[in-house]
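Start from the sequences and build out the full structure, keeping to the hints where you can.
If you're matching them up, the sequences are chains Y and L in order. Counting in numbering that gives the first Met the number 0, the first sequence runs from 0 upward without gaps. Counting in numbering that gives the first Met the number 0, the second sequence runs from 0 upward without gaps.
To be clear, the hints were calculated from the coordinates, so they are not data collected in a lab. We treat Cβ as the ideally placed atom computed from N, Cα and C, and that holds for glycine. Careful: at least some of the hints might be erroneous.
Stated by the list, open to error - Computed footprint of chain Y on chain L; a stretch qualifies when at least three of its residues, placed anywhere within it, have a C-beta under 8 Å from a C-beta of chain Y:
(1) 36-46
(2) 60-66
(3) 71-77
(4) 93-99
(5) 114-120
(6) 135-147
As the list claims (entries may be wrong) - So the derived label-pair ranges between C-beta atoms look like this:
(7) L:HIS87 with Y:LEU174: 35 to 43 Å
(8) L:GLY152 with Y:LEU182: 14 to 22 Å
(9) Y:GLY15 with L:ARG159: 44 to 52 Å
Said to hold, decoys possible - Short, incomplete list of chain L residues facing chain Y, as computed with Cβ under 7 Å:
(10) ILE4
(11) TRP7
(12) ALA32
(13) SER110
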Amino acid sequence: MTEGIVHMFDVVAAQGHGSVWTVLFIGFCFGAIILYSRLDKFEKMAGFMIFEDTLAPRMAMMTVALSGVGFYALVQGGFAEYQVKPTLLGGLLVGAVLFGMGLVILGKCPSAFFVSVSEGRVDALVGVIGGMVGGAVFTLTFPWINQLMGPDLGAIRLSDVLGGYELTIVLVLSLTLFVVALLIPTVDYHDPADENPKR
Amino acid sequence: MPRKIPWWAGGILMSLLFFFTFSEWGAGRPIGASTGMAYLSEVLFGLDADSHEYTALIETSGAWEGVMLIGVFFGGLFMSLFVTKTFHISFIPTLWKARKNSSVPSRMVWSFIAGFLLVFGARLAGGCNAGHILSGGSQTAVSGMIFTVVALGTGMITGRFFYKRKGSCS
Chain Y
0 MTEGIVHMFD VVAAQGHGSV WTVLFIGFCF GAIILYSRLD KFEKMAGFMI FEDTLAPRMA
60 MMTVALSGVG FYALVQGGFA EYQVKPTLLG GLLVGAVLFG MGLVILGKCP SAFFVSVSEG
120 RVDALVGVIG GMVGGAVFTL TFPWINQLMG PDLGAIRLSD VLGGYELTIV LVLSLTLFVV
180 ALLIPTVDYH DPADENPKR
Chain L
0 MPRKIPWWAG GILMSLLFFF TFSEWGAGRP IGASTGMAYL SEVLFGLDAD SHEYTALIET
60 SGAWEGVMLI GVFFGGLFMS LFVTKTFHIS FIPTLWKARK NSSVPSRMVW SFIAGFLLVF
120 GARLAGGCNA GHILSGGSQT AVSGMIFTVV ALGTGMITGR FFYKRKGSCS
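Rendered as structure tokens:
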């Protein structure tokens with residue numbers, strides 16, 4: 000296993016996507032923002048889907064609204080490239096259904112559960128272990144599952160479907176998300192554990 | 000230091016991190032997490048690239064996200080220990096107690112099942128909420144939009160049946 004971890008760092012150092020320290024720094028900030036906004040909490044992620052809290056949708060919409068415009072500007076300026084995931088329709092639909100069920104039951108996503116573990120939540124740790132087994136089972140069954148993932152619609156963006164209007168799409172989408180994020184009322188699930196944490 | 004930041008500040012900080020990561024000054028790629036989870040599980044269970052097709056397929060992106068997730072853990076740990084001071088060992092979330100039950104074994108079994116579904120589903124879909132909803136949505140990717148609608152729709156339907164208010168059925 001140690002060998003595998005060393006290999007992981009070597010692979011990152013050899014690819015052109017930032018140094019190992021940059022990647023660790025990005026992760027550190029990602030985890031810190033998730034924890035500081037309390038998005039790692041079950042009450043925020045599962046609470047959103049049972050309509051008891053609105054932090055997750057408001058924050059996600061704000062992020063996508065700003066990033067959408069920012070990414071467009073970065074790409075236009077030649078400082079970045081779009082890297083769009085392919086639309087493998089079968090895998091995407093079945094996977095999203097399983098993911099949605101897991102998300103509301105665990106109340107965390109595959110980065111927030113690490114943050115939750117770092118806050119001492121044992122149920123999140125069990126979720127990570129379940130995720131580890133899930134990842135391993137997927138790897139082992141991939142040769143079989145791979146045949147059921149299609150049809151592949153390619154790496155498409157909205158502008159490919161609508162035949163252009165890239166800037167308009169980005170602006171309309173960002174503005175809509177921004178306004179909706181502002182208009183949704185704040186519903187904050189009151190968690191007594193936050194006020195008087197047992198230490 | 001305040002114990003938490005409001006949603007809009009979280010969104011602004013998150014998008015600044017996304018700009019940095021996406022641009023050539025940072026990593027020149029979007030943020031994702033579930034490929035990293037799959038990669039870490041391959042490291043843990045010793046499923047090497049020589050004998051497993053999927054390990055070879057996600058070698059570069061998985062390793063990147065695996066290292067990032069190590070950073071995520073320490074980022075969370077730093078904040079929970081020194082800033083929010085919320086670090087404490089806990090077993091069952093408050094809302095779960097209010098809507099489901101107070102049994103530790105029940106929460107653990109469901110956590111395991113949910114963690115499994117989460118990562119297995121994300122790998123099947125080719126990404127999780129970081130990759131599809133946040134990064135994908137920001138790039139106006141069709142895959143991201145489909146994922147967002149289906150995953151959140153399923154979550155809301157599942158939540159409705161899974162968490163019944165106590166006393167509502169008696």
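A quick look at each hint next to the structure:
no. : hint                               : in the structure
1   : 36-46                              : holds (count 11)
2   : 60-66                              : holds (count 4)
3   : 71-77                              : holds (count 7)
4   : 93-99                              : holds (count 4)
5   : 114-120                            : holds (count 7)
6   : 135-147                            : holds (count 12)
7   : L:HIS87 with Y:LEU174: 35 to 43 Å  : holds, 42 Å
8   : L:GLY152 with Y:LEU182: 14 to 22 Å : holds, 21 Å
9   : Y:GLY15 with L:ARG159: 44 to 52 Å  : holds, 46 Å
10  : ILE4                               : holds, 5 Å
11  : TRP7                               : holds, 6 Å
12  : ALA32                              : holds, 4 Å
13  : SER110                             : holds, 4 Å
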